[in-house]
Amino acid sequence: MRRYVLRRLAVGVLQALGITIAVFFVIRALPADPVSRIVGMNPTPESIAQARRALGLDMSLFQQLLTFLGFHGNGVFTGSLGTSWVSGSTILSEIAITLPTTIQLIVTSFIVALAVAIPIGMATARRPGGKLDKGVFGYGLFAGAQPEFWWGLMFIFVFYFKMGIAPAPLGLLDPELTAPDAVTNFILIDSLIAGDFTAFKSALGHLVLPVLTLSFLLVGPLLKMTQQSMSRVLSSEFILYQQASGLEKKSIGRSTLRAALAPIITLTGILFGFMLSGAVLVESVFSLNGLGQYSVAAVLNLDFPAVQGVILVISVISLFVYLGLDLLLAKIDPRILVK
Amino acid sequence: MTPTEALLSTRNLTVKYPYGDVQNVVIDDLNLDLYPGQIVGLLGESGSGKSSLALALMGLARHPGVVSGEVNFRGQDLLKMDDEELRQIRGNSIGLITQKPRQALDPLVNVGKQISRVYRAHSQASKEEGQIRAVELLRSVGINDAERRVSAYPHELSGGMAQRALISMALSVEPDLLIADEPTSGLDVTIQAQFLDRMWERARDANIAVLIVTQDLGIVANYCDRIVIMEDGKIIEDRTTVEFFANPHTDYGKKLILSSGADAKASNADVAVITSPEILRVTDLRKTFEVDGGKRLQAVSNASFQIHKGRSLGLVGESGSGKTTVGRLILRLADPDSGEVWFKGERIDAISPKEFRKYRSKIQAVFQDPFDSLNPRWPIERVIREPLDLHTQMNKEEKSARVKELVSLVGLTDDILPLRPGSLSAGQQQRVSLARALATEPEFLILDEPTSALPPAARADMIRLLKSLQERLDLCFIFISHDLSTVRELCHDIAVMYLSEIVEMGTSEQVFSAPSHPYTRALLDSVLFHDPNNRRVDRKIKTELEGEIPSPVDLPNGCYLAARCPIAEQRCRDDHQELIQIGPSRSVRCWKSVEASK
Numbered sequence: 001m002r003r004y005v006l007r008r009l010a011v012g013v014l015q016a017l018g019i020t021i022a023v024f025f026v027i028r029a030l031p032a033d034p035v036s037r038i039v040g041m042n043p044t045p046e047s048i049a050q051a052r053r054a055l056g057l058d059m060s061l062f063q064q065l066l067t068f069l070g071f072h073g074n075g076v077f078t079g080s081l082g083t084s085w086v087s088g089s090t091i092l093s094e095i096a097i098t099l100p101t102t103i104q105l106i107v108t109s110f111i112v113a114l115a116v117a118i119p120i121g122m123a124t125a126r127r128p129g130g131k132l133d134k135g136v137f138g139y140g141l142f143a144g145a146q147p148e149f150w151w152g153l154m155f156i157f158v159f160y161f162k163m164g165i166a167p168a169p170l171g172l173l174d175p176e177l178t179a180p181d182a183v184t185n186f187i188l189i190d191s192l193i194a195g196d197f198t199a200f201k202s203a204l205g206h207l208v209l210p211v212l213t214l215s216f217l218l219v220g221p222l223l224k225m226t227q228q229s230m231s232r233v234l235s236s237e238f239i240l241y242q243q244a245s246g247l248e249k250k251s252i253g254r255s256t257l258r259a260a261l262a263p264i265i266t267l268t269g270i271l272f273g274f275m276l277s278g279a280v281l282v283e284s285v286f287s288l289n290g291l292g293q294y295s296v297a298a299v300l301n302l303d304f305p306a307v308q309g310v311i312l313v314i315s316v317i318s319l320f321v322y323l324g325l326d327l328l329l330a331k332i333d334p335r336i337l338v339k
Numbered sequence: 001m002t003p004t005e006a007l008l009s010t011r012n013l014t015v016k017y018p019y020g021d022v023q024n025v026v027i028d029d030l031n032l033d034l035y036p037g038q039i040v041g042l043l044g045e046s047g048s049g050k051s052s053l054a055l056a057l058m059g060l061a062r063h064p065g066v067v068s069g070e071v072n073f074r075g076q077d078l079l080k081m082d083d084e085e086l087r088q089i090r091g092n093s094i095g096l097i098t099q100k101p102r103q104a105l106d107p108l109v110n111v112g113k114q115i116s117r118v119y120r121a122h123s124q125a126s127k128e129e130g131q132i133r134a135v136e137l138l139r140s141v142g143i144n145d146a147e148r149r150v151s152a153y154p155h156e157l158s159g160g161m162a163q164r165a166l167i168s169m170a171l172s173v174e175p176d177l178l179i180a181d182e183p184t185s186g187l188d189v190t191i192q193a194q195f196l197d198r199m200w201e202r203a204r205d206a207n208i209a210v211l212i213v214t215q216d217l218g219i220v221a222n223y224c225d226r227i228v229i230m231e232d233g234k235i236i237e238d239r240t241t242v243e244f245f246a247n248p249h250t251d252y253g254k255k256l257i258l259s260s261g262a263d264a265k266a267s268n269a270d271v272a273v274i275t276s277p278e279i280l281r282v283t284d285l286r287k288t289f290e291v292d293g294g295k296r297l298q299a300v301s302n303a304s305f306q307i308h309k310g311r312s313l314g315l316v317g318e319s320g321s322g323k324t325t326v327g328r329l330i331l332r333l334a335d336p337d338s339g340e341v342w343f344k345g346e347r348i349d350a351i352s353p354k355e356f357r358k359y360r361s362k363i364q365a366v367f368q369d370p371f372d373s374l375n376p377r378w379p380i381e382r383v384i385r386e387p388l389d390l391h392t393q394m395n396k397e398e399k400s401a402r403v404k405e406l407v408s409l410v411g412l413t414d415d416i417l418p419l420r421p422g423s424l425s426a427g428q429q430q431r432v433s434l435a436r437a438l439a440t441e442p443e444f445l446i447l448d449e450p451t452s453a454l455p456p457a458a459r460a461d462m463i464r465l466l467k468s469l470q471e472r473l474d475l476c477f478i479f480i481s482h483d484l485s486t487v488r489e490l491c492h493d494i495a496v497m498y499l500s501e502i503v504e505m506g507t508s509e510q511v512f513s514a515p516s517h518p519y520t521r522a523l524l525d526s527v528l529f530h531d532p533n534n535r536r537v538d539r540k541i542k543t544e545l546e547g548e549i550p551s552p553v554d555l556p557n558g559c560y561l562a563a564r565c566p567i568a569e570q571r572c573r574d575d576h577q578e579l580i581q582i583g584p585s586r587s588v589r590c591w592k593s594v595e596a597s598k
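If you read the sequences in order, they're chains A and B. Take 1 as the starting number for the first sequence in this note's numbering and just add one per residue. Take 1 as the starting number for the second sequence in this note's numbering and just add one per residue.
So here's chain A without its partners, still in its complex pose:
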């Protein structure tokens, strides 16, 4: 078990490194020059050469890679991802601000989405063709066909503009409040640490609409998977046998859910990895300044160190998420061997 985890981590680190190096070369193969972004209009040849030197682009590609990895001073191996070409601050410090915002958004959204999808999926699997099942079918047709930013805008229109019960979709906190001291950069946690309940309530309020939007979307695939997985287990021989053995309903329900859980967990993992950078539209609509927005900006600005850093961080997080899921699956199903 421990050896399995260590081996997975070792392989994962190599994978993450491989991806980063590949990205390193691919972005440099783009037919665009980051220097022209920096020097502005009508640059002199000197200023261009100076900018190239400042960014390290005058070195050979291989030397640039060695620098990035940390063979000349600070680099990936010494825990530094370099500095942004646009803002001049370190990539790590920028990710440390944007990543918690995104994680806070998607973790909450997944909790809400699973809390909705699993019970409804179970109920509709039990009564296929019932009222609830028809409702779910309608939702699937309706929600699945609309992009999330549109739903975000709709929710803002209804809940903020028309009904006025949601806060303005501008950031994580009311503008008149001061943010609590940054400890973890998770604003919910930081406000609790600071004992600032006004800020906590405001942060929670600002999270409602984005989470609603994102989970509204996530419920679709999760619900479908729960339904299918549940109805497969419900028509299985062993559930029938448990009924015939006169086991209590609660106990049969637990067995069913446990047996149906594996595909739901796998799907959750896949969606989670995807959402780390895929929540960008929702982040933009609600001006949350999360990792998705940060990575899009990095690409548009040709901020190579930022792009490399974001990709490395996302692949490391995905690595841990997948490892955790595999361990969880092995815990649920004894047939999955962890050697």
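Honestly, I wouldn't trust all of these hints.
Unchecked claim - Taking CB as the label site, the calculated pair distances span:
| id | chain 1 | residue 1 | chain 2 | residue 2 | range |
| --- | --- | --- | --- | --- | --- |
| 1 | B | 83 | A | 335 | 46 to 52 Å |
| 2 | B | 151 | A | 150 | 49 to 55 Å |
| 3 | A | 201 | B | 83 | 40 to 46 Å |
These aren't lab readings, by the way, just hints derived from the structure by calculation. Computed from a prediction, not measured in an experiment: that's the story for all the values here. Every residue gets a Cβ at the ideal spot worked out from N, C-alpha and C, and that includes glycine.
With the hints as your guide, set chain B onto chain A.
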């Protein structure tokens, strides 16, 4: 029998499956009474609604079926009860054993916990008491080292072991009615006999009612008091077993009785000196397989026998005895660790696979699962033609003529040639396999359980066909089977295998009329003859085997049967037994039998 009041009676019982707007009726307005102490056999072709009825008697239907009508159990209608009342009856007053034991167990929970859950659902027992009871129950159904087995997950159990776990669950609360849906289909014959004997005693002693769903006339004849036959969700025949065997009313019943007509007739066996040339000789064949943890599983050890032209050898044994491996070693589907295989005076086990290819057309095989052995995408014509393409120089017309000849040889007609295997019945598929095996006029055939996957009527047809081919083509073959009556009918000679060894060899006549080895005797005693007037339960069985077959990974030092043998002594447990000749073409691996024969 003077039936008292019915324990369970159904009135207008109906089970429907909604299928879009159509209602698929699988049980149709059915009335059935079950009495305490009576064992009822429920027969019928697959799809007749037997299994649905077994479930409906508990008020259950497979998701999303609907049960309606009345199921009166001790005067109360199950279908009108609330969930809690129903739950108290299921698994408590009515026990169920299903036919797919492994699927019936929750794959994510160990068996001990599952048994304990059922027990605790119907008692006030604590978790610890449930666990103790689970160990007791597993031991009571003959599982060795029950303490270790309780923590095994279903995928770690053999089919037979899973079946026992299920049986122990059903019996954990001492039901008044036991419903058993093909309860022994995954079990070996000696184990099957053990289980059915115990169930029969249980029904007699505790006066419980039993409903056995089965396709096996042997079970019905030996254990059932009454027979119910279903067709299209209705009961078409319902009478006592003796009456039924004497004079079946329905077509299905007549066909069933007819298919067992040839039961247990000895083959044309003779002890005369065999003068025909030797075709196959096997000496000291040995094969082990590596299993987890570097241990070795002994599949075959010291197997030696020869087969002469025109004769057939029956290789008999329970699952895991190594009989199939012997066939695979001869066919070069696996290589032996040591020993020799000779075919017509030439050694064929040590030659390269390429050299062996020229023997392929001379040595052919038919396997157990007819569908698995045929390419589902090829039309039958191509399936049968393939060996001709590979091994002969025939032109197109010759091949097509030969294919037609083969088809009629195995009793099929030309119109199946364009069809694909999926659209044939299991019996027809097996005939196609046989036709393909015969295509190159092989001199030697290996028939590995060719009848055991077939329904009873098709099985009888297949045996008749093999018998007639044997006479017409002077075939020479090994017939691998666990079905003793089939072997008796088809084979001149018999080798009985137990745990990788041949324990007894002789002509069919010798072995069947005077079995010598205790294992052979037990095996013969387990045969369920299709005759309600000669029931196993009425005979006094002397040679019942106890418990479970030992693991072929950790074999005992002495005789492999010693732990189960009713006549074992200390010497049996100490000394490994050799196969010793006790007469012309007759040998046995048991010192006690050898002494008795002197």
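Evaluation of the provided hints:
1. B:83 / A:335: 46 to 52 Å: The hint (46 to 52 Å, Cβ to Cβ) is violated, given that residue 83 of chain B and residue 335 of chain A are roughly 31 Å apart.
2. B:151 / A:150: 49 to 55 Å: 54 Å, holds
3. A:201 / B:83: 40 to 46 Å: 44 Å, holds
Against the hints set out earlier in the document, a violation occurs for number 1 only.
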